[in-house]
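Colleague: If you read the sequences in order, they're chains A and B.
Anchor point for the first sequence: position 57 equals 58 in the working numbering, and the numbering is continuous, going up by one each time.
Anchor point for the second sequence: position 105 equals 347 in the working numbering, and the numbering is continuous, going up by one each time.
Any given hint might turn out to be false.
Unchecked claim - Taking lysine-lysine and the DSS-like style, the derived pairs with C-alpha atoms no more than 27 Å apart in a straight line are:
id : chain 1 : residue 1 : chain 2 : residue 2
1  : B       : K320      : A       : K50
2  : B       : K286      : B       : K313
3  : A       : K103      : B       : K313
4  : B       : K257      : A       : K103
5  : B       : K313      : A       : K69
6  : B       : K320      : A       : K103
7  : A       : K70       : B       : K286
8  : B       : K304      : A       : K103
For the record, the hints were derived by calculation from the structure and aren't laboratory data.
Bear in mind that the values here come from a model prediction, so they are computed numbers and not experimental data.
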Amino acid sequence: AQSVTQLGSHVSVSEGALVLLRCNYSSSVPPYLFWYVQYPNQGLQLLLKYTSAATLVKGINGFEAEFKKSETSFHLTKPSAHMSDAAEYFCAVTSPETGFQKLVFGTGTRLLVSP
Amino acid sequence: EAGVAQSPRYKIIEKRQSVAFWCNPISGHATLYWYQQILGQGPKLLIQFQNNGVVDDSQLPKDRFSAERLKGVDSTLKIQPAKLEDSAVYLCASSLDSGTLSWPQHFGDGTRLSIL
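Based on the provided sequences and hints, a complete structural model is requested.
Modeller: Pasting the structure below:
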């Protein structure tokens, strides 16, 4: 069955520092992978997605993620954190196992940015 | 374009009462999803509609939860009777096409339900 694991429920960085949020997936067939961001009291917004094209995917707000099949990972990075990046981040997966019909989310990582 | 609209934003009820949530998807979006997001967890799919037909309701607790999407546009999700463990944020999302999920899901701001 498809699933994602997000390591670290909370990540703290200083403004200007590198952001690294980890996501590992489990799927018996090549999946599609997504990162969503959720600001307080709001719904989820798509940051970026991997759909079997380029393995390095660039998203909005300066975020990017790299699909590494050998490591079953899809970590999210941003070179320099801004205060406005403080939010909850969710990794999600779908695969041919469900006909790409079902999106399964991880438990989320809360990013804290200090001045 | 207007986003996914949900109402109410907040609801507080006592256990064993009933409650209903409403969702209006983005115009032209054929697929509509209801998710339950319990505090500290990721969203969990409850039900997926393609137009007005149900595609997946395998995780919907059908003894107390029901959902409908009349005319393939708006949708309502109902809980009757509510239990304490139903306290969560209920998110509605829509997408143009669910076939390959190449289209992103657009989320509403959710309804935060508190059960006393």
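Colleague: Measure nothing beyond the straight line between the CA atoms of K304 of chain B and K103 of chain A; if it is 27 Å or shorter, mark the hint as holding.
Modeller: holds, 19 Å
Colleague: Are the Cα atoms of K103 of chain A and K313 of chain B separated by 27 Å or less?
Modeller: holds, 23 Å
Colleague: Holds or violated: are the alpha carbons of K320 of chain B and K50 of chain A at most 27 Å from each other?
Modeller: violated, 32 Å
Colleague: Given the hint that K257 of chain B pairs with K103 of chain A, test it: the Cα-Cα distance must not exceed 27 Å.
Modeller: Measuring from Cα to Cα gives roughly 30 Å; hence the hint is violated.
Colleague: Next pair to validate is K313 of chain B with K69 of chain A; report whether the Cα-Cα distance is within 27 Å.
Modeller: violated, 43 Å
Colleague: Mind checking the alpha carbons of K286 of chain B and K313 of chain B for me, to see if they're no more than 27 Å apart?
Modeller: holds, 25 Å
Colleague: Hinted pair, alpha-carbon criterion (27 Å max): K70 of chain A, K286 of chain B. Please report holds or violated.
Modeller: holds, 25 Å
Colleague: Next pair to validate is K320 of chain B with K103 of chain A; report whether the Cα-Cα distance is within 27 Å.
Modeller: holds, 22 Å
In this structure, the earlier hints numbered 1, 4 and 5 are contradicted, and the remaining ones agree with it.
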